[in-house]
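A.B. asks: Residue numbers (our numbering), protein chains in the order written: chain L, 1 to 241; chain P, 1 to 304; chain X, 1 to 136.
Think of the hints as simulated: they come from the structure by calculation, not from any bench.
One or more of the hints may lead you astray.
[As the list claims (entries may be wrong)] Listed next, the in silico SDA-like pairs over lysine to any residue satisfying Cα-Cα at most 25 Å (straight line):
| # | chain 1 | residue 1 | chain 2 | residue 2 |
| --- | --- | --- | --- | --- |
| 1 | L | Lys152 | L | Ser221 |
| 2 | P | Lys227 | P | Asp209 |
| 3 | P | Lys13 | X | Ile16 |
| 4 | P | Lys106 | X | Glu117 |
| 5 | P | Lys17 | X | Ile16 |
| 6 | P | Lys152 | P | Lys169 |
| 7 | X | Lys108 | L | Arg121 |
| 8 | P | Lys13 | L | Glu82 |
| 9 | P | Lys109 | P | Ile133 |
| 10 | X | Lys108 | L | Ser106 |
| 11 | P | Lys279 | L | Pro107 |
| 12 | X | Lys108 | P | Ile138 |
| 13 | L | Lys99 | P | Lys17 |
| 14 | P | Lys249 | P | Asn289 |
| 15 | P | Lys109 | X | Asp89 |
| 16 | L | Lys152 | P | Asp117 |
| 17 | P | Lys220 | P | Lys279 |
| 18 | P | Lys106 | X | Gln101 |
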Amino acid sequence: MSKTQIKEKEENETPMVKVYIMGSSHEVPASLTIMKAIEYAGFKIKRGAGCRAGFCGACATVYRKAGDYRIYAALACQTQVEDGMVLTQLPFVPAPKAKYDINKLSPTGNTILQFYPEVARCLSCNACSKVCPQDIHVMDYVQYSLQGQIKKAAEESFDCVQCGLCTIRCPAEIPQYHVATLVRRLHGKYEMKSPDTLEARVEEIEAGFYEEGFNELMKLSKDELRHKYFHERDFIDQKKA
Amino acid sequence: MVRYSYFPGCNLKTNAKGFEETAIAVSKKLSAELVEIPNWNCCGTVHTLSTDNMMRRIAPVRVLSRSRKHIDTLDEETPNEVVTLCSMCNSTLKIVNDEVKHDHDKLEKVNYQLEEDDEIYKEDMEVKHFLEILRDKIGFENIAKNVVNPLKGLKISPYYGCMLLHPDKAAIDDVEMPSVLEYLVESLGAEVVDSPFFKLCCGSYQIVDEDRIVDSQVTKIVEAARKRGANALVVACPLCAYNIDHQQKILKEKVPGKLPLPVFYFTQLMALALGVPLKLNHFEDHHINPKPLLKELGLSGGKK
Amino acid sequence: MSFEYIKFGKEEKDFIEKIEEISGQNVYSCYQCGKCSAGCAFSSYMDKTVNQLIHLIQVGQKERVLAANTHWVCASCLTCSVRCPREIDVAALMEAVREYQLREEPEKVKISNIPKEVLDKLPNIALVSNFRKKTE
Chain L
1 MSKTQIKEKE
11 ENETPMVKVY
21 IMGSSHEVPA
31 SLTIMKAIEY
41 AGFKIKRGAG
51 CRAGFCGACA
61 TVYRKAGDYR
71 IYAALACQTQ
81 VEDGMVLTQL
91 PFVPAPKAKY
101 DINKLSPTGN
111 TILQFYPEVA
121 RCLSCNACSK
131 VCPQDIHVMD
141 YVQYSLQGQI
151 KKAAEESFDC
161 VQCGLCTIRC
171 PAEIPQYHVA
181 TLVRRLHGKY
191 EMKSPDTLEA
201 RVEEIEAGFY
211 EEGFNELMKL
221 SKDELRHKYF
231 HERDFIDQKK
241 A
Chain P
1 MVRYSYFPGC
11 NLKTNAKGFE
21 ETAIAVSKKL
31 SAELVEIPNW
41 NCCGTVHTLS
51 TDNMMRRIAP
61 VRVLSRSRKH
71 IDTLDEETPN
81 EVVTLCSMCN
91 STLKIVNDEV
101 KHDHDKLEKV
111 NYQLEEDDEI
121 YKEDMEVKHF
131 LEILRDKIGF
141 ENIAKNVVNP
151 LKGLKISPYY
161 GCMLLHPDKA
171 AIDDVEMPSV
181 LEYLVESLGA
191 EVVDSPFFKL
201 CCGSYQIVDE
211 DRIVDSQVTK
221 IVEAARKRGA
231 NALVVACPLC
241 AYNIDHQQKI
251 LKEKVPGKLP
261 LPVFYFTQLM
271 ALALGVPLKL
281 NHFEDHHINP
291 KPLLKELGLS
301 GGKK
Chain X
1 MSFEYIKFGK
11 EEKDFIEKIE
21 EISGQNVYSC
31 YQCGKCSAGC
41 AFSSYMDKTV
51 NQLIHLIQVG
61 QKERVLAANT
71 HWVCASCLTC
81 SVRCPREIDV
91 AALMEAVREY
101 QLREEPEKVK
111 ISNIPKEVLD
121 KLPNIALVSN
131 FRKKTE
């Protein structure tokens, strides 16, 4: 069958929807995600695509629906198309991160204000939370950061994928996801207890516990490595270690 | 024990920890427990004086709405009131509450924003400063009865600052001749020292970029109190406390010789008098250390 | 005695109207008793006192009003408003002049220029209130 015939056959059988990409309309299969639909329509996504699994935050998409004044936002790889969507992608969110040395800071509200003083401009309008594709209560964690409640802010912002949609919508011009990164780093470094198992393992490594095993591995030829990988699956002789 | 929905305000977890912790401890002793709203947001500190800026009215109305939801989780005796410790929060919340109750156009516009968060405000809240609760619900006689450690020797000059009494609709007492702090101080066994500058503005937010203004205000306020024999000041606002406390330290370095006056929050005085553990006062956060004065007067005993 | 002729045309009237719209106050209620300036804690820092600024607004002198420092020195303590015998919310007039300027130039205080040492010790209540009044 020729290429055009195959496509026709598909279009007759699969339910299609009409979406608008960069202003022009395209018919795409209804079951696709926004990202796949954009590619189906013939575009190649150079920025605005990453892990395709809802974790990297690269595919932030803003859209409206026909006949609806409201603004919606989503991650393109995680959201199914709907009829009448008017789409645009955000290839980049301009929000330079403050430079700091995490080793020289203390976990207080004033630390946040030092690097992101615009946090004090928060109006509690909640535009950020409404646009978050991860359903995070963004305004709440910004408020907790302002109040110096580092632990609560870190916990609330945990699911953030740094897509930047909150920053684009904020009338007070706060870079929420950068604030969240600083908060989580402060919490993790200064407030959370380090797991004993991690500390023990680091000590083992520094004591040279695994040196011999690694040296053995490095001496093997490609064939020997392949054999070990597929047939043995035991990199270090447990009895020796 | 009546429980009140308590709104801390942004400073009460950082610079003014002593204010909050003593207030909560004291409130429990007086059967009027302050219970914090679990997910509160900053009220904005100052209220907008413009008629058309709706964005800046969202924050205070959201506080009222969240407090109302919080009250539903407390017991039946809890009144529909949000209690604040900070004077700025008191003024802002009271004024915005009044505005939206009288101007339904404003309320509607703000509720459009809150509707999507399921937090619309139904005009069913009142705002109270903790001093109002102490004066009107508990009564100074009751407070005096609970005093175990009368604050003899402390000569306190009450400093109201502007936001407890301004504007008229937010005032918790007579605008030009208030008395609530005086009665409170006396009920704790301390002496009151009147000063004509009891509400001369400390400079407020000018501390950020025009601190020379704050310097001169603080000098006037402290001098007037010192001249009349005071050995300490009592305040109800974390910004006043910071301005007067911190700038005295700066001024002390510039003009050595004049003894600075320590600044107490009214709940810290109550904590000392009612026998609450000393560490809740967090005197280590103060820039002018009040401990030497307290030691001199034999008042740093704490819990008996 | 010296006189100055001023223009009072559409531009001046538009300015007064805008100030009245933002503040919700009738600027012509003021009869220049001076009580606001007398009670103002910061008069000594102002190049035009509060009542002088209001008079300039009454005659629509936009450039002179915006060039004064009165409304920036103002700390919104509201003493003027509670004392005005004509019940004008004087502080609202000051805020209207601030808003008029901020809606053109949104940053009176340049947040990025505040030194880190200052940000490290100031209580957040000071920053929040300062940014509310001096930025848009």
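A.B. asks: Confirm or reject each hint.
C.D. replies: Going through the hints against the structure:
1. Lys152(L) with Ser221(L): 52 Å, violated
2. Lys227(P) with Asp209(P): Measuring from Cα to Cα gives roughly 30 Å; hence the hint is violated.
3. Lys13(P) with Ile16(X): 43 Å, violated
4. Lys106(P) with Glu117(X): Answer violated: Lys106(P) to Glu117(X) is near 40 Å, above 25 Å.
5. Lys17(P) with Ile16(X): 46 Å, violated
6. Lys152(P) with Lys169(P): 36 Å, violated
7. Lys108(X) with Arg121(L): With a Cα-Cα distance of about 14 Å, the restraint between Lys108(X) and Arg121(L) holds, given a limit of 25 Å.
8. Lys13(P) with Glu82(L): This hinted pair is violated, its Cα atoms lying about 46 Å apart.
9. Lys109(P) with Ile133(P): 32 Å, violated
10. Lys108(X) with Ser106(L): 30 Å, violated
11. Lys279(P) with Pro107(L): 21 Å, holds
12. Lys108(X) with Ile138(P): 45 Å, violated
13. Lys99(L) with Lys17(P): Distance ~29 Å between Lys99(L) and Lys17(P) Cα, so the pair is violated.
14. Lys249(P) with Asn289(P): 10 Å, holds
15. Lys109(P) with Asp89(X): 23 Å, holds
16. Lys152(L) with Asp117(P): Answer holds: Lys152(L) to Asp117(P) is near 20 Å, not above 25 Å.
17. Lys220(P) with Lys279(P): 31 Å, violated
18. Lys106(P) with Gln101(X): 24 Å, holds
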